[in-house]
Amino acid sequence: MDAPMYGLLYRAEQRAALFATRPRVEALELVAEHFIDLTAEQRDELDLLRAHFPLTIHALGTSIGSADGVDERYLERIARLIAYARPMWWSDHLAFTRYGGVELGAFAPLPHTRGAVDVVARNAARLRAVVGGVPFALENPAVPFAVAGAEMSPGAFVAAVARAADCSLVLDLENLHADAWNLGTDPDAVLAEIPLERVVEVHLAGGRRVGQGYADSHDAAVPATTWRLYESLCRRRVPPLTLIERESALPPFEAMLRELDEARAFRDAARETAA
Amino acid sequence: MIAYQHALTLAVAHGGGGVPGVRDREVATFAEMAARKRLAALRALLPRTLAALGLTAFERRYRAFAANRMPCGPERYRDEAIAFARSLGEPVGRDEARSVAAHGPGRRLALVREGRRITLYVRFRHTTRLHAVRLGR
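Quick mapping for you: the protein sequence lines, in order, are chains L and D.
Numbered by numbering that gives the first Met the number 0, the letters in the first sequence go through residues 0 to 274 in order.
Numbered by numbering that gives the first Met the number 0, the letters in the second sequence go through residues 0 to 136 in order.
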């Protein structure tokens, strides 16, 4: 396996700091929707970034869980972006965001059923046919509510989807933390059921308490619970790419670099234990 | 699966309603979260209208407008901002709707005529901001 990489979710406002400290950031995740029009400015930015960093593309609008299929126009735009950016892989969320042409504007959970697994597998096949050879990965989104009638556990559902769709996985540990808070799921049990050999990327982030719940806002430092999950993961398998995924309320860049170093420390500790 | 997705979509579009397999309170919370995201996007797209109406009136009128509207397509926020601003029937809304309509993705130059006033909007390379140059009175 190639050496694990440590990177960030790309924010244009941090570009100068990113290039000034480049060796400490080894890869970037780009939000597809920020580049999907492939305007002259977006192409310039992509040219610059891909010349200096390995990239992954993270999409928000594939709606791979839509029972009425994927949006062909959206897929064609994604395919053009992927062809231009040439990322290591691209990803979206295991959820649905669109039905009957209506955009929900949020990730809606799928029921943990064999029927949902079949829907995702069918849509993933279509996605591969349109987008081509760049590997595709699915991320576990934070789940705002559970849908009754589950035929399998949350971890078994992710595993079944990955097998049926024959795709890689992006594991967002902060989302597992949020699910534990909001739904009472056991994140260690979920981790135990996920096929780690399919995990290509791990997201670390922080959220906040909102009333009785916990919002996966990705706008705070990585909390201790999420670091503990990462440590547990690294003991079993160090993921190929670990990202600090800070979406808003950006801290000083150095604080994010320190979080990357902390992630590297868990990798080193896992190696020492293995040795 | 189809019944669940259909019902949840209707609930989000219309601000609540029964969804098989999900508690009503959770549906309402999810629908409200989605509505707040739409509202935040529109506030960012229509700053002059927001300033003219004030936060409370902007939200009240937006919610009345959005109750019968389904957000569709990749430019859904922009499309919705234009439709909402036009629906207000006030000069500031009409003006800002024209301005937003002129600023499509990737567009670098737009000429907007508002009565006798003509404004040229230019986006310079390597910026995301449009600069307005007033040409007429």
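Mixed in with the good hints, there may be bad ones.
Every beta carbon over 12 angstroms from chain D, so not counted as near; a handful from chain L, in silico [claimed, not checked]:
{"hint": "1", "residue": "P53"}
{"hint": "2", "residue": "R72"}
{"hint": "3", "residue": "V101"}
{"hint": "4", "residue": "L103"}
{"hint": "5", "residue": "D117"}
{"hint": "6", "residue": "G212"}
{"hint": "7", "residue": "A248"}
{"hint": "8", "residue": "A268"}
{"hint": "9", "residue": "E271"}
If you want the footprint, here are the derived chain D segments under chain L, 3+ residues with CB under 8 angstroms [unchecked claim]:
{"hint": "10", "stretch": "1-12"}
{"hint": "11", "stretch": "31-45"}
{"hint": "12", "stretch": "50-57"}
{"hint": "13", "stretch": "64-71"}
The calculated SDA-like cross-link candidates involving lysine to any residue, where the alpha carbons are at most 25 angstroms apart (straight line), are [stated by the list, open to error]:
{"hint": "14", "chain 1": "D", "residue 1": "K36", "chain 2": "L", "residue 2": "G60"}
{"hint": "15", "chain 1": "D", "residue 1": "K36", "chain 2": "L", "residue 2": "L249"}
{"hint": "16", "chain 1": "D", "residue 1": "K36", "chain 2": "L", "residue 2": "R23"}
{"hint": "17", "chain 1": "D", "residue 1": "K36", "chain 2": "L", "residue 2": "G148"}
{"hint": "18", "chain 1": "D", "residue 1": "K36", "chain 2": "L", "residue 2": "Y213"}
{"hint": "19", "chain 1": "D", "residue 1": "K36", "chain 2": "L", "residue 2": "A128"}
{"hint": "20", "chain 1": "D", "residue 1": "K36", "chain 2": "L", "residue 2": "R208"}
{"hint": "21", "chain 1": "D", "residue 1": "K36", "chain 2": "L", "residue 2": "V129"}
{"hint": "22", "chain 1": "D", "residue 1": "K36", "chain 2": "L", "residue 2": "R270"}
{"hint": "23", "chain 1": "D", "residue 1": "K36", "chain 2": "L", "residue 2": "W180"}
{"hint": "24", "chain 1": "D", "residue 1": "K36", "chain 2": "L", "residue 2": "D46"}
{"hint": "25", "chain 1": "D", "residue 1": "K36", "chain 2": "L", "residue 2": "S152"}
{"hint": "26", "chain 1": "D", "residue 1": "K36", "chain 2": "L", "residue 2": "R21"}
{"hint": "27", "chain 1": "D", "residue 1": "K36", "chain 2": "L", "residue 2": "A149"}
{"hint": "28", "chain 1": "D", "residue 1": "K36", "chain 2": "L", "residue 2": "L59"}
{"hint": "29", "chain 1": "D", "residue 1": "K36", "chain 2": "L", "residue 2": "A214"}
{"hint": "30", "chain 1": "D", "residue 1": "K36", "chain 2": "L", "residue 2": "R236"}
{"hint": "31", "chain 1": "D", "residue 1": "K36", "chain 2": "L", "residue 2": "A39"}
{"hint": "32", "chain 1": "D", "residue 1": "K36", "chain 2": "L", "residue 2": "A219"}
{"hint": "33", "chain 1": "D", "residue 1": "K36", "chain 2": "L", "residue 2": "A145"}
{"hint": "34", "chain 1": "D", "residue 1": "K36", "chain 2": "L", "residue 2": "L74"}
{"hint": "35", "chain 1": "D", "residue 1": "K36", "chain 2": "L", "residue 2": "Y73"}
{"hint": "36", "chain 1": "D", "residue 1": "K36", "chain 2": "D", "residue 2": "H13"}
Since the hints were made in silico from the structure, they are not lab data.
Glycine included, C-beta positions come from ideal geometry on N, C-alpha and C.
For this structure, which hints from the list above don't hold up?
Numbers 2, 3, 4, 5, 6, 12, 16, 17, 19, 21, 22, 24, 25, 26, 27, 30 and 31, in rising order.
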